Structure formats: C-alpha cells, structure tokens
Amino acid sequence: MSVVDEREANAARLLKISAGNSYDPDVDIDWRAPLDPERMFAPAHRLSLFGTPLWDGLTPQQRVELSRHEVASIASIGIWFEMLLMRMLLRHISDQDPRTGHVQYALTEVGDECRHSIMFARMIEAFGTPAYRPAPLERALGRYLGATAGGVQTFAAALIAEEILDALQREAMADDSLQPLVRMVSRIHVVEEARHIRYARDELARQVAASRRGFGGRVSLAYSRLMIGRAAWTVTHSLIHPGAYAAVGLDPVAARAAAWRNPAFRETLRWSAERVTAFLQELGLVEGPAKRLWRASALL
9 MSVVDEREAN AARLLKISAG NSYDPDVDID WRAPLDPERM FAPAHRLSLF
59 GTPLWDGLTP QQRVELSRHE VASIASIGIW FEMLLMRMLL RHISDQDPRT
109 GHVQYALTEV GDECRHSIMF ARMIEAFGTP AYRPAPLERA LGRYLGATAG
159 GVQTFAAALI AEEILDALQR EAMADDSLQP LVRMVSRIHV VEEARHIRYA
209 RDELARQVAA SRRGFGGRVS LAYSRLMIGR AAWTVTHSLI HPGAYAAVGL
259 DPVAARAAAW RNPAFRETLR WSAERVTAFL QELGLVEGPA KRLWRASALL
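Residue numbers for the sequence shown follow the numbering used here, so the first one is 9 and each next one is one higher.
What the hints contain is simulated information worked out from the structure, not anything from laboratory work.
Keep in mind it's a predicted model, so treat the numbers as computed, not measured.
Hints should not be assumed to be uniformly reliable.
[To be verified] Here are the computed lysine to aspartate or glutamate pairs in the DMTMM-like style, where the Cα-Cα straight-line distance is at most 20 Å:
no., residue 1, residue 2
1, K24, D13
2, K24, E14
3, K299, E282
4, K299, E275
5, K24, E200
Work out the full structure, taking the sequences as your base and the hints as a guide.
Take a look at the structure:
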C-alpha cells in the first residue's frame, strides 16, 4: 500500500469512528448540576504542591480549592493549545485536495476541537475561577508557531499537549471521588482525543520520513527538534498558573518555585508524557541540543 493509500485508509477509519462516537457537550453534560463542596477536582497526588510543606500547611478546604484552580488552569491552557492546533491544522491542509479523507478528517478534528474549547470554557465558568492565560512570551511563541509550523512541528507539538492532558484525564475520569463534572468532561475529551492522537501519530511518522528523504532534511529536522523541545517546555511550564496558588492564599512566586522543586510533581509530568516522549524518541525528535529543553521541561 502506498503512503497516500495508507493515509487515506487511516482517515476513512477515523471518519467512520467520528460519525458513530462523538458527543455534544450541550446535551451530554448537565451544566446545571451543583458542584460538591467536599469533592476534589483532581486526584490529590497529581496536584503540583502535593507532598510539600506548603501542601501540609493547607486546610482540607484549601486543598479542594487548589484542585479547582489547578484544573481550571490546565483547562485554560488546553483551550489555548487547541486554538493553536486548529490554526496549524488549517495551515497544513489549506493547499490540499478537500476531496481527500485526510483533509476531511482534519476538518472533522477542527470541529471537535471547537466543541472541546467551548466545553472547557463552560467548565471553567461553572468552577467560578478565572480563565488563566499563558505568559506573554509563550503567547508570542504560540503565534509564531501557528504562523510558521511545518508538518513535523505541527503534529509533534499537538501530540505533546494532547497526550499529557489525555493521561491526566484518563485517571480523573476513572476516579469516582472527584467532581462529576470533571469526570464527564474528562471522559468526553478522552474518547474524542483518542482518534486525534491516532491521526497525529500516523501523520507525524509520515512527515518525519518525508523530511529525511527531502532536500535539506537534516537541517529541517534539527530546527524542528528545537521547536518541539520548546513546545514541550511551554506545555509543562504553563500548566499551572501562579494565580492558582494566590487563590488559596499562597505567595505565587514561592509556591511556583516549590512546585518545580517538588519530586512528586516532576514525576507526574514525566508520567503524563511518557508515551509521547517515547514515541518522539523513536522518531529521532528528542536528540541533540533539544534534549536540554526536554530536561528543563521535567519530561526526561
């Protein structure tokens, strides 16, 4: 089977799955249901301060509140990354034949991501928390990536953000001690992101192979490795906004520093990205100077 045939066969499978297994958050989530003031919004051991002296000093209610704000922060950064992914996907297919399954699935994914972004936004609204934003430098780098990213950078960056969130949400959706709203949002996102991840993994492998065959492929891949490593750094350093710590009465600068020194949080980051890190290593995308960025991201 040719590369084009394989791509089309994969797109056909994903389109069929999408047609039969998609959600409408307006219908499938009870947005009027009240939050339980006693329930956590994330497993305690996944919170960034878990196991630190700062965590030990929090009351049970402050711990619940910290979990609310950390999940809101992750959802906020998820919206930002999904909007960036939509821009990159549309650039990727803009000059391709719209009759192909590959393009039609990309458009289907854009539709999914629109719904996911709205779903996350409504969840943040239901939490009664701010919509946290990345730092100005990260927003500027996101705009640059959205305007310039090629195929390798597009699909690798998408996988890093999607698979880290996927790991966290798979655990959350199975934890019946958490807020039902968090569990349902996680379930919907996990089910629909599974096909996005399959699409991105297959396309990334093709894009890397094509880059190696093309003129200037080594230079292009070296640049892509750096951009991908910087994307990994942005993901992990943007997940928990300092405002989440301020919301429970902690000094945001000191709490953020404590989180990044926290072995438990660093292990959570490594665990959440272990599948995508291994995949990108297999493709040769975590090599050379980019490894420093991966280590600084706490993913290696």
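Going through the hints against the structure:
Our distance criterion of 20 Å between C-alpha atoms is met by K24 and D13, whose separation comes to about 17 Å. For the proposed pair K24 and E14, the alpha carbon gap of about 16 Å is at most 20 Å, so the pair holds. Between the alpha carbons of K299 and E282 the distance comes to roughly 15 Å, so the proposed pair stays at or under 20 Å and holds. With a C-alpha separation of about 18 Å, the suggested pairing of K299 with E275 holds against the 20 Å cut-off.
Distance restraint check for K24 and E200: the Cα-Cα separation of roughly 13 Å lies within the 20 Å cut-off, and the hinted pair is therefore satisfied.
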